[in-house]
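Given next are the chains, with one letter for each unit.
There are 4 protein chains.
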Amino acid sequence: MSFNTFGKIFRFTTWGESHGPAIGCIIDGCPPNITISEKDIQKDMDKRRPGQSKFTTQRKESDKVIILSGVFQGKTTGTPISIIIYNTDKRSRDYESIKEKFRPGHADYTYFKKYGIRDFRGGGRQSARETACRVAAGAVAKTVLKNILGKKFNVIGAVTQLGLMSCDKSNWNDKEINKNPFFCPDKKSVKLWEKYLLAVRKSGSSCGAIIELRASGVPAGLGAPIYSKLDTDIAASLMSINAVKGVNIGAGMNSAFLTGEENSDEIRKSSGKVKFKSNNAGGILGGISSGQNILASFAVKPTSSILNTRETINKKGKNTKISVKGRHDPCVGIRAVPIGEAMLSCVLLDHLLMHRAQCG
Amino acid sequence: MSFNTFGKIFRFTTWGESHGPAIGCIIDGCPPNITISEKDIQKDMDKRRPGQSKFTTQRKESDKVIILSGVFQGKTTGTPISIIIYNTDKRSRDYESIKEKFRPGHADYTYFKKYGIRDFRGGGRQSARETACRVAAGAVAKTVLKNILGKKFNVIGAVTQLGLMSCDKSNWNDKEINKNPFFCPDKKSVKLWEKYLLAVRKSGSSCGAIIELRASGVPAGLGAPIYSKLDTDIAASLMSINAVKGVNIGAGMNSAFLTGEENSDEIRKSSGKVKFKSNNAGGILGGISSGQNILASFAVKPTSSILNTRETINKKGKNTKISVKGRHDPCVGIRAVPIGEAMLSCVLLDHLLMHRAQCG
Amino acid sequence: MSFNTFGKIFRFTTWGESHGPAIGCIIDGCPPNITISEKDIQKDMDKRRPGQSKFTTQRKESDKVIILSGVFQGKTTGTPISIIIYNTDKRSRDYESIKEKFRPGHADYTYFKKYGIRDFRGGGRQSARETACRVAAGAVAKTVLKNILGKKFNVIGAVTQLGLMSCDKSNWNDKEINKNPFFCPDKKSVKLWEKYLLAVRKSGSSCGAIIELRASGVPAGLGAPIYSKLDTDIAASLMSINAVKGVNIGAGMNSAFLTGEENSDEIRKSSGKVKFKSNNAGGILGGISSGQNILASFAVKPTSSILNTRETINKKGKNTKISVKGRHDPCVGIRAVPIGEAMLSCVLLDHLLMHRAQCG
Amino acid sequence: MSFNTFGKIFRFTTWGESHGPAIGCIIDGCPPNITISEKDIQKDMDKRRPGQSKFTTQRKESDKVIILSGVFQGKTTGTPISIIIYNTDKRSRDYESIKEKFRPGHADYTYFKKYGIRDFRGGGRQSARETACRVAAGAVAKTVLKNILGKKFNVIGAVTQLGLMSCDKSNWNDKEINKNPFFCPDKKSVKLWEKYLLAVRKSGSSCGAIIELRASGVPAGLGAPIYSKLDTDIAASLMSINAVKGVNIGAGMNSAFLTGEENSDEIRKSSGKVKFKSNNAGGILGGISSGQNILASFAVKPTSSILNTRETINKKGKNTKISVKGRHDPCVGIRAVPIGEAMLSCVLLDHLLMHRAQCG
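Residue numbers (our numbering), protein chains in the order written: chain G, 1 to 360; chain L, 1 to 360; chain S, 1 to 360; chain B, 1 to 360.
In case anyone wonders, no lab produced these hints; they're calculated from the structure.
There could be a bad hint or two in this list.
It does not matter which identical chain is used: a pair holds within one copy or between any two.
Listed next, the in silico DSSO-like pairs over lysine-lysine satisfying Cα-Cα at most 30 Å (straight line) [unchecked claim]: (1) K75 x K64; (2) K64 x K90; (3) K39 x K90; (4) K325 x K277; (5) K75 x K151; (6) K99 x K202; (7) K152 x K75; (8) K90 x K47; (9) K151 x K269; (10) K269 x K315; (11) K47 x K75; (12) K321 x K275; (13) K99 x K152; (14) K277 x K202; (15) K273 x K99; (16) K152 x K316; (17) K273 x K90; (18) K273 x K316; (19) K188 x K325; (20) K39 x K99; (21) K191 x K316; (22) K152 x K54; (23) K101 x K277; (24) K101 x K169; (25) K99 x K75.
From a predicted model like this one, the values you see are computed outputs, not experimental measurements.
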């Protein structure tokens, strides 16, 4: 049971609402004696932080992380790391007008049906604000992974589809990703994407996105079949992100269209190393890493909060209409990039620890 | 930690290898006083059973389930239900010739890297034979769900894409699904699919598939945010099935291409009932069921065991070639239908129990 | 895996060190729509709070609880309740002189052996300061239990043995317990205990204690055999408290000396109610509550921090001596009373939720 | 949640009823490449096996273990080890006469209250027959521990109190324990114990026992504070055994009577080794092993099935009387020795794996 906890050995528990005083997370099971600082974590936080361009929500949050426990004289002690982030730019009044209505596409209706009570201020717990905590946990996981696996280990994500706009993946350039407000890996697509997203926003609508993730430097042998497979846990970790509706590992849904020959990535030994001639498996076979790059992608649905009027019902069960004003991302998928990187990092560290538990 | 256990309250643990004496599962947390018999379970087993048509492996297994505990005088007692299925048609000699080689696309290489030992007979534990146990657990889950939710509850799956062949979903007919060897819901596609799959098999290759699942009669309120969301657990349950590489909930990966308006399924009250005007969410909002049908789909990669020769390496790290003879499904995706149904049933029951734990 | 988390459905995770900025806990799985306030929790906190008499440590902590999430407009929302307690009276300098030495009886040596690093300020994470968080979680559990079970439900604890001093249990009076600084249920023993404990403190030593707990109004049927038995979880919950070395259920260790006749508490039906003629079982049979009072007791060893000089080694492995100055309880067992009550409350609520999950 | 599963990484799940066709367990998370055979396990099984002397039940069970999975060519593969033990000497008719009555001291009443159904044949799932599975799992754990820690690792248990009869612990001799039917470590007590237990049995009654356990060769550093402390898990593991009512670690309940000086086992470095001058802590400080011997003891209540007539009620709630005939141990505590050893072994292995997960 783990309603608000993720992971098995390296575990994090998140808490807090969009418009409460603060949000935070407890990281448990972190290996001891790892050098870590608030600054290390902040770097990742800043990648997810809202209000950095006109393409994200204008809510201004510094998302400053404060470590309250588990780190002593700059090093992890092996005890729980408590991280708190204060909410500083709340505007709960934005939600007064819709507090009796269920925003379609949001979880207003389902939270109310489940709990018989809901925090209407910015969606309360259902808000994607919770994901800031995941990024903090992911930053810790990445630091530990680099400490154990060395610098060859890396996790990188990018937006490869912005609504109807794709990018040219043959132009993929890792260095380009952080240079544009879309985490787009193809420099040539950026201008078009700007135009497109501005148009979407002006029209009072929103759009979805596809994010691709790649982890390199992951050793073979991680993943615990049958029900803690590496791909199972990656799928769960990504599907748990707000607004995600689909997850692929390697060729993903397109696997259905491959031939048996294409699908079975051939194996070669060359210069003393095991090499695969393709990577349709996304680096995972039978739920265990093969030493290839781990490849995963996921789709984020369009922001549900849109200006254009939609039909809905209110708490009393009466038909009504709604137009969601306030500050919203025209495409929440963009800020899902650092979240996806964080979740993948947490899963990989968790499996590394699990592997050394059973296999030494 | 749950290497070989699935679920949180309604849990099942599976054991056994493809060519060992038997396989089985222990179901724990099952509500007491539910009428259940081996016959009820057998019906579902027979849907997954191999050797029933020329389109599946010719291994002949009766897959007869025997209940060893947890049922007294025809009723569940609330204690563990142990189910055993003997392996009766093993041909381990089929694997002698390839016991030193890693079959590409299979988990031979990764199991060996992880554990330093592997059972080469039919893949041992990595074999999809394990999924027979899931179907048994799913049959129990379905029986309990019908007992609690009534007859309106149902889970149904179908193959909607067989390799390159799609079907016409506007012809979907539930009753058609079990009448053809492909679990195809569109009668008109069956003949073409037969031709196609025979050709694939004759060519020494294999193909993938997409399976769609629908659960109806599921009440609103199931699903425990943030890290036990209903969609998170469905994604994990399906991704854990052998050869699955992609999972969609509702519009899934296609969510990226929707407009904000399309995405936010509008809500109406009519004739005293809450109705949604569309179901792009697949019946799940914020990880909680909305009362709509639960819609999920998943892609199964082509069978990795193919006659056509592929390059690989052996245990000593030498380059070699492999052609996998023996008895294999030309499309393992077909038999994934009852497995998907079983996993979805287990997740739904687990969440129903979880919900009544927290919310009464 | 739950290094810093307790419970299965109603779960709490604690964090923080004795001399860090704060300590706290996250309560997950709490039923929604329960009225709760910081004031309700504070009442229990005050029972454990140090510095209230000359018989406890003179560290002055207000132990003021602040709820940061999970409660909206005075009611639980079903989402994580985050509670923070700031440390206000730290005196880390007290520990400078012993920071290289391992205090015998404490976990200094074992933490260092395990993690290769330790927070020497007041023992860091090993400090019983952590138990303040348990009391907060227990206060929430008790509130929920009273909401579900009604006012007949109650948990009460008392010290029945203070070092070498017993009390006369035939004088047990619930109302007396909170009127003296020892939580002693026998008014007549209080004066003697005062003299005794002052003498112990003056001598530079410390003493142990036995605490007895009683839960009334617990329905029959709670407890999940085989490995989540009610008594198993009570034993674990109490043994996890700092300095506890023994746990009894009902007759406990003395069960060894009973006859078969005495042991098997006879059952009678009278005035329409099931009554037991004795309660050696402590209200639990086969791990399941019988409807009788739940009876548990536990022993707390003497405070390990004593003035009298003891032999030990330092971090470099050299033999040395130690005398622990600073502020310490002469008998930590006293303040274990509210902690024991809290743990028992958490276990009972957890099992009540588990029971309604499986058995409706 | 783990109704019928014990452990965190090294986990076992048991199933089966006293009078069903078989009982068994699934061991998950076992390290791979460990040499193990049915014979190794059988040796421990035979220690617990009934019918070996006139001082235990006359039910004749060979308790022959059969490994169904997880071992390939004599070695563990890292996948689930399924063990089955057939019930061969059932006499369900013995229970016909009492099937409507609740045996006092047994869990008949509580199982019925919880589940609304119970298997009356020998108590069904509540029977101590389940503990045979624990011994099998413990034998696997011990084998793995010896493989990792070397021959210096050992777990040994003995009965030190048989009803009212104590033994002289200063005569403790490990080699004596398996030479008498009581697992008594003091040769001189055996004759007296024989007389005593025969008298107890003849009188139609039964008696309790205290069992002491000692694990040697356990490295410092095992145990995961706060809620997976080594002593917490040992307490849980022992309290989960049928009829156990009290658990002590080290000085246990007697800790209450120690002085602060006695309690804080002094530490010395001599001949390059860390030595403690006493072991009141039972080898555990702050929930972490210190490198000393692990010492635990537990009390088993008298057998509840006795010939002498007791008052009780039946399923209809009517007052009645009961005298339990059939085959029963006059002191179930005796056969608890190998069970205690098994549980302690499982906990130690589990913590060793957990430790290497977090701390490498």
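We went through each hint and held it up to the structure:
no.: 1; hint: K75 x K64; in the structure: both (20 Å within a copy, 29 Å between copies)
no.: 2; hint: K64 x K90; in the structure: both (15 Å within a copy, 25 Å between copies)
no.: 3; hint: K39 x K90; in the structure: both (24 Å within a copy, 26 Å between copies)
no.: 4; hint: K325 x K277; in the structure: between (51 Å within a copy, 23 Å between copies)
no.: 5; hint: K75 x K151; in the structure: within (19 Å within a copy, 36 Å between copies)
no.: 6; hint: K99 x K202; in the structure: within (25 Å within a copy, 62 Å between copies)
no.: 7; hint: K152 x K75; in the structure: within (22 Å within a copy, 34 Å between copies)
no.: 8; hint: K90 x K47; in the structure: within (20 Å within a copy, 36 Å between copies)
no.: 9; hint: K151 x K269; in the structure: within (24 Å within a copy, 41 Å between copies)
no.: 10; hint: K269 x K315; in the structure: between (64 Å within a copy, 11 Å between copies)
no.: 11; hint: K47 x K75; in the structure: within (24 Å within a copy, 35 Å between copies)
no.: 12; hint: K321 x K275; in the structure: between (57 Å within a copy, 15 Å between copies)
no.: 13; hint: K99 x K152; in the structure: neither (49 Å within a copy, 33 Å between copies)
no.: 14; hint: K277 x K202; in the structure: between (46 Å within a copy, 25 Å between copies)
no.: 15; hint: K273 x K99; in the structure: between (60 Å within a copy, 21 Å between copies)
no.: 16; hint: K152 x K316; in the structure: between (57 Å within a copy, 26 Å between copies)
no.: 17; hint: K273 x K90; in the structure: neither (54 Å within a copy, 35 Å between copies)
no.: 18; hint: K273 x K316; in the structure: between (66 Å within a copy, 12 Å between copies)
no.: 19; hint: K188 x K325; in the structure: neither (33 Å within a copy, 48 Å between copies)
no.: 20; hint: K39 x K99; in the structure: between (38 Å within a copy, 28 Å between copies)
no.: 21; hint: K191 x K316; in the structure: neither (46 Å within a copy, 52 Å between copies)
no.: 22; hint: K152 x K54; in the structure: neither (35 Å within a copy, 48 Å between copies)
no.: 23; hint: K101 x K277; in the structure: between (54 Å within a copy, 17 Å between copies)
no.: 24; hint: K101 x K169; in the structure: neither (42 Å within a copy, 35 Å between copies)
no.: 25; hint: K99 x K75; in the structure: between (45 Å within a copy, 17 Å between copies)
Violation of the numbered hints given earlier is confined to hints 13, 17, 19, 21, 22, 24; the remaining hints are satisfied by the structure.
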